[in-house]
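Place chain X on chain L using the hints.
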Amino acid sequence: GENVEQHPSTLSVQEGDSAVIKCTYSDSASNYFPWYKQELGKGPQLIIDIRSNVGEKKDQRIAVTLNKTAKHFSLHITETQPEDSAVYFCAAKNSNSGYALNFGKGTSLLVTP
Amino acid sequence: SAVISQKPSRDICQRGTSLTIQCQVDSQVTMMFWYRQQPGQSLTLIATANQGSEATYESGFVIDKFPISRPNLTFSTLTVSNMSPEDSSIYLCSVVVRAKYNEQFFGPGTRLTVL
Chain L
1 GENVEQHPST
11 LSVQEGDSAV
21 IKCTYSDSAS
31 NYFPWYKQEL
41 GKGPQLIIDI
51 RSNVGEKKDQ
61 RIAVTLNKTA
71 KHFSLHITET
81 QPEDSAVYFC
91 AAKNSNSGYA
101 LNFGKGTSLL
111 VTP
Chain X
114 SAVISQKPSR
124 DICQRGTSLT
134 IQCQVDSQVT
144 MMFWYRQQPG
154 QSLTLIATAN
164 QGSEATYESG
174 FVIDKFPISR
184 PNLTFSTLTV
194 SNMSPEDSSI
204 YLCSVVVRAK
214 YNEQFFGPGT
224 RLTVL
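Taken in sequence, the protein lines are chains L and X.
Mapping to our numbering: the first sequence position 42 is 42, numbers consecutive.
Counting from 1 along the second sequence, just add 113 to a position and that's the residue number in our numbering.
Excised from the complex, chain X in its bound form:
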């Protein structure tokens, strides 16, 4: 497995501002992803963070709203831009350590509240 940390663990933000969430892994990983979990709901994939290139976004998510960076094999950031109360969610980083084994591990999440 992998040890995944996220910063911040939680935040309360004002409408119209932006927040950048960091995801750090203790070892090099094959794949990194960002998910959103709205209150009481399941997990929805936002995008795949690609090292050194633009992220691959899922339907309904766009780069202007959720810019993502992945400068190396152990670190990624997700920015939630121009926030509204509808962006209040848990944002989760996940990783696949070894491609052939499929297992996907999740970080502890960042709990975002937008007022």
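With the rest of the complex left out, here is chain L:
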């Protein structure tokens, strides 16, 4: 089955700096890659996703890049703010084998003022 690895497990940045979280996946047939933000005491919130026919996608301060050849994808947050502090999870899915998401272990991001 699919194995998703996520790095780093913790990340601390100064407000205004950029943050990058990287994930690799094992199943070359995976074609959907969402990112979730989970704040303390809340459920995961879908913040951005990318499909395998696209190399990059941006939404304001958030961007995701996908390298299908290397089987890795990354989340980029620019101009970080304290409210970006949360746990971020990447996930991967092969649409031909159902809807279940395979999650990475998460990255705890701390943005310090």
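Hints are not guaranteed to be accurate.
What the hints assert, rightly or not - In silico DSSO-like cross-links for lysine-lysine, where the CA-CA straight-line distance does not exceed 30 Å:
hint, chain 1, residue 1, chain 2, residue 2
1, X, Lys120, L, Lys37
2, X, Lys120, L, Lys42
3, L, Lys42, L, Lys22
4, X, Lys120, L, Lys22
No lab work stands behind these hints, which were simulated from the structure alone.
Chain X in isolation, oriented as in the chain L frame:
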């Protein structure tokens, strides 16, 4: 997207008892799932809740321990049976609204502590 609510939001239960968690969505959805998130860990899929039929369980999860119902397109329940402290986790309901778009949305979770 969809507005998903779960009840209860949290509970503290005694060993050996059972708890039923409800998941309600504000619109009809294609798929509903139940995940478990152990303290400080990632999300693990328990099962897919199938409308009008038995749920499809992932490896390591069985119906006797986690019976699931889905009587219609907007509602599902997960029961955690004969609980032990190892069942202390966050239990999350998630939905896929439209099959062709893949996006999966999560409820706020039910925080369960078993003493």
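Now the hints, each set against the structure:
1. X/Lys120 to L/Lys37: holds, 22 Å
2. X/Lys120 to L/Lys42: Between X/Lys120 and L/Lys42 the Cα gap is close to 14 Å, so the pair holds against 30 Å.
3. L/Lys42 to L/Lys22: Judged against 30 Å, a Cα distance of about 23 Å means the pair holds.
4. X/Lys120 to L/Lys22: violated, 34 Å
Hint check: a violation occurs at hint 4 only; the rest are consistent with the structure.
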